[in-house]
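Number of protein chains: 2
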Amino acid sequence: QGTRDHPPAQVALRDRLLSAVVSCFKRHGAAAIDTPVLELREMLIGKYGEGTKLIYELQDQGGELLALRYDLTVPFARYLAMNKITKMKRYHVAKVYRRDSPATARGRYREFYQCDFDIAGQFDPMIPDAECLKIVHEILSDLQLGDFVIKVNDRRILNGVFAVCGVPESKFIPACITVDKLDKMPWEEVRSEMVGEKGLSPEAADRIGEYVQLHGGLELIERLLQDPKLSQNKLAKEGLGDMKLLFEYLTLFGITGKISFDLSLARGLDYYTGVIFEAVLLQQENEHVEEPVSVGSVAGGGRYDGLVGMFDPKGRKVPCVGVSIGIERIFSILERRLEASGEKLRTTETQVLVATPQKHLLAARLKLISELWDAGIKAEMLYRKDPKLLKQLQYCENTGIPLAAIVGEQELADGVVKLRDVATREEVRM
Amino acid sequence: QGTRDHPPAQVALRDRLLSAVVSCFKRHGAAAIDTPVLELREMLIGKYGEGTKLIYELQDQGGELLALRYDLTVPFARYLAMNKITKMKRYHVAKVYRRDSPATARGRYREFYQCDFDIAGQFDPMIPDAECLKIVHEILSDLQLGDFVIKVNDRRILNGVFAVCGVPESKFIPACITVDKLDKMPWEEVRSEMVGEKGLSPEAADRIGEYVQLHGGLELIERLLQDPKLSQNKLAKEGLGDMKLLFEYLTLFGITGKISFDLSLARGLDYYTGVIFEAVLLQQENEHVEEPVSVGSVAGGGRYDGLVGMFDPKGRKVPCVGVSIGIERIFSILERRLEASGEKLRTTETQVLVATPQKHLLAARLKLISELWDAGIKAEMLYRKDPKLLKQLQYCENTGIPLAAIVGEQELADGVVKLRDVATREEVRM
Numbered sequence: 001q002g003t004r005d006h007p008p009a010q011v012a013l014r015d016r017l018l019s020a021v022v023s024c025f026k027r028h029g030a031a032a033i034d035t036p037v038l039e040l041r042e043m044l045i046g047k048y049g050e051g052t053k054l055i056y057e058l059q060d061q062g063g064e065l066l067a068l069r070y071d072l073t074v075p076f077a078r079y080l081a082m083n084k085i086t087k088m089k090r091y092h093v094a095k096v097y098r099r100d101s102p103a104t105a106r107g108r109y110r111e112f113y114q115c116d117f118d119i120a121g122q123f124d125p126m127i128p129d130a131e132c133l134k135i136v137h138e139i140l141s142d143l144q145l146g147d148f149v150i151k152v153n154d155r156r157i158l159n160g161v162f163a164v165c166g167v168p169e170s171k172f173i174p175a176c177i178t179v180d181k182l183d184k185m186p187w188e189e190v191r192s193e194m195v196g197e198k199g200l201s202p203e204a205a206d207r208i209g210e211y212v213q214l215h216g217g218l219e220l221i222e223r224l225l226q227d228p229k230l231s232q233n234k235l236a237k238e239g240l241g242d243m244k245l246l247f248e249y250l251t252l253f254g255i256t257g258k259i260s261f262d263l264s265l266a267r268g269l270d271y272y273t274g275v276i277f278e279a280v281l282l283q284q285e286n287e288h289v290e291e292p293v294s295v296g297s298v299a300g301g302g303r304y305d306g307l308v309g310m311f312d313p314k315g316r317k318v319p320c321v322g323v324s325i326g327i328e329r330i331f332s333i334l335e336r337r338l339e340a341s342g343e344k345l346r347t348t349e350t351q352v353l354v355a356t357p358q359k360h361l362l363a364a365r366l367k368l369i370s371e372l373w374d375a376g377i378k379a380e381m382l383y384r385k386d387p388k389l390l391k392q393l394q395y396c397e398n399t400g401i402p403l404a405a406i407v408g409e410q411e412l413a414d415g416v417v418k419l420r421d422v423a424t425r426e427e428v429r430m
Numbered sequence: 001q002g003t004r005d006h007p008p009a010q011v012a013l014r015d016r017l018l019s020a021v022v023s024c025f026k027r028h029g030a031a032a033i034d035t036p037v038l039e040l041r042e043m044l045i046g047k048y049g050e051g052t053k054l055i056y057e058l059q060d061q062g063g064e065l066l067a068l069r070y071d072l073t074v075p076f077a078r079y080l081a082m083n084k085i086t087k088m089k090r091y092h093v094a095k096v097y098r099r100d101s102p103a104t105a106r107g108r109y110r111e112f113y114q115c116d117f118d119i120a121g122q123f124d125p126m127i128p129d130a131e132c133l134k135i136v137h138e139i140l141s142d143l144q145l146g147d148f149v150i151k152v153n154d155r156r157i158l159n160g161v162f163a164v165c166g167v168p169e170s171k172f173i174p175a176c177i178t179v180d181k182l183d184k185m186p187w188e189e190v191r192s193e194m195v196g197e198k199g200l201s202p203e204a205a206d207r208i209g210e211y212v213q214l215h216g217g218l219e220l221i222e223r224l225l226q227d228p229k230l231s232q233n234k235l236a237k238e239g240l241g242d243m244k245l246l247f248e249y250l251t252l253f254g255i256t257g258k259i260s261f262d263l264s265l266a267r268g269l270d271y272y273t274g275v276i277f278e279a280v281l282l283q284q285e286n287e288h289v290e291e292p293v294s295v296g297s298v299a300g301g302g303r304y305d306g307l308v309g310m311f312d313p314k315g316r317k318v319p320c321v322g323v324s325i326g327i328e329r330i331f332s333i334l335e336r337r338l339e340a341s342g343e344k345l346r347t348t349e350t351q352v353l354v355a356t357p358q359k360h361l362l363a364a365r366l367k368l369i370s371e372l373w374d375a376g377i378k379a380e381m382l383y384r385k386d387p388k389l390l391k392q393l394q395y396c397e398n399t400g401i402p403l404a405a406i407v408g409e410q411e412l413a414d415g416v417v418k419l420r421d422v423a424t425r426e427e428v429r430m
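Same order as they appear, the protein sequences are chains A and B.
In case it helps, my numbering puts the first sequence at residues 1 to 430.
In case it helps, my numbering puts the second sequence at residues 1 to 430.
A hint or two may mislead.
Pairs count within a copy or across copies, as identical chains cannot be separated in the list.
[Said to hold, decoys possible] With a straight-line Cα cutoff of 25 Å, these simulated DSS-like cross-link-like pairs (lysine-lysine) come out:
1. K244 <-> K359
2. K53 <-> K181
3. K244 <-> K198
4. K317 <-> K198
FYI, nobody ran anything at the bench for these hints, they're computed from the structure.
If we strip away everything but chain A, and leave its shape as in the complex, we get (with noise of 0.2 Å):
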């Protein structure tokens, strides 16, 4: 349930869709590294909030408790903990799985790829942090995939919002959690359930209110940095400083115009700790709507200082940042504009089919494909000892392939291949 098998057709639209994020990433000077799908459950617990339910478990290995890997992130801290690696910029292209009520109509399965970009260490603030919002830019704007919008928070500045409107520490991340999801309800509706199933008071609710609908860019920084409550917030005022910092070198990036200060934006994990974000693309179809409408999350993270030091036996930290490009979401998009398109993507590369135009020729095609083979062409033939001419030349147009090198007993006995072109039919000896 919830997952599926990929034909042709959408490993070769997938591959197209993985290099273009790949190539990003090695354009950005990232190593790949690997690790198992399985880890030990004790990991995976705690890390997730609300998502820990959905780990899927095995069956007790003889003592081993173990899980399917949730996501890329908790891995890649683990592997950094194990190694005691301090500094490294790493990306990682793998499936991760969730015990979700999958909808896969929506593109939501329960085994799904993740591409993740993260960079480890300690470093002047706000570069490392920068260099991933441009990431996303490349890569959503490499895709053309329509007008986009990447929300930039940080859960200092969340933390600051709910200490000074009275929330208890306690209650930091279930609020957070609750504000996250200002972009698929209401405030009403997240008030009330910030009231009710939370248990903040109605007065610190209203409060909250008043900040996290705001959203805007470094002119909303700058007047948060000049708020009476917030600036007397140690943790705030550190967050509004970085974020005018990120402003600062997202300028010089010259991609600003995507950037969107969003005091709504939360994300639902546990282990962020400083700036998060979030891409969603804009709907274009409706253009006579004020407000362009988002049609979902394609990518998002943040950063991450406390993780690595809960697989460290000592508790070293390893501060750390990172984006995850939410593939499967993009992938569907893809799939649909091909759709459109009627183009036909090529499932094979094969660039020749050796064919024969008569009968007890299987030996002559045999030798003629392997010499092709060796050269490093790639060849096929049809699986017959004396498949008729015209089949063989059907196969080409139904594959897609260009050539057909056409040996018969002419061209044995004169020592040459007929090769032909299968579109305009031309044909050449050689």
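Put chain B on the given structure of chain A with help from the hints.
Same frame as chain A, but now just chain B:
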């Protein structure tokens, strides 16, 4: 237990190896499919003989009993049956899982890659089978792994041997599994396992011994076709006839020099029905040893005409033949060779480091690197506001970045960039 993380140097080497294998598969016109790492448990049961006990099972997912895939062949057969596909040439490179006792020093893991190429469809005999052997020959030659031999046999010949030696049909598969151990144990031990554990009569075992210790080429096939007992057995005769045809095709491919018709080859899996084969590397260190010693199997496969039918509700059969490349063992060999050569594999592809020789030039670096990225150039910079030039150049040397693009105050004033060749220290202003 029995799994491992792959650091960047290993991923770089593995990607190089996988790309050689995939190139070969594409050269032969195969398309890629992808299937979930999870299969319904019932799909895997009864397909692997003694291997069944090594299947990784998951906890009950609300009535779904799942397991991790054990190989890529059974998922391929299920895919064909579910989609009613009767003809396909596909490759699949992915990880599989076996709860085996790990022997990591010898390259045996519980999670490992398989690289499979299979041809499904009703075709003229031995043409696809010959192509599978050609593929093994090409890959092992391309990778320059040293001398190798590809052992070939046919389950029908083996079954014929068992029949004429007086083994009851119910004991064919157990007898097969025991014969398969002849590459690791002497005949005496194999014989005693047959008589002891498998309950064959001593006379039957002795008669089997006379056959299964034979190996050779076309002349052996001819001799066995004349064998008074075997030639009376329908199955054996069919198998020997096809084996002769196979050798004719392999002669046209020019690869019989590396092929050995070996009656001891049995292969452990239940699902094979015809030709089976296995490639082993030959040890070259001890050249005084008379017979070359095998250092283990690096590829294997065979024909399985009944497997797809097991997944089809109406039992419709799709004949298949395929090969699996033992990438992990080959990887270990290449890794040892790389270590011995002292060659250092780069783990990133960065072309240029953007550097500054003075303080307060972070903005210049951010602007330049952003231009380079947008132009598709692989570029890095240090995540420091004011790094020392020496540190920046050392980073190039440590990671193999060939060029440094330097912007200092003078370059900024002149509107140029100084491009430095890290190895030769030559500089040009541009």
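Within a copy, between copies, both or neither: which one fits K53 and K181 at a CA-CA cutoff of 25 Å? Close inside one copy (19 Å), not across copies (46 Å); limit 25 Å.
Is it within, between, both, or neither for K244 and K198, if the alpha carbons may be no more than 25 Å apart?
neither (32 Å within a copy, 77 Å between copies)
Query raised in the report: Is it within, between, both, or neither for K317 and K198, if the alpha carbons may be no more than 25 Å apart?
Result: This pair counts as neither: shortest intra-copy Cα distance 31 Å, inter-copy 59 Å.
- Query: Is the C-alpha distance from K244 to K359 at most 25 Å within one copy, between copies, in both cases, or in neither?
  - Reply: Close across copies (21 Å), not inside one copy (77 Å); limit 25 Å.
Violation of the numbered hints given earlier is confined to hints 3, 4; the remaining hints are satisfied by the structure.
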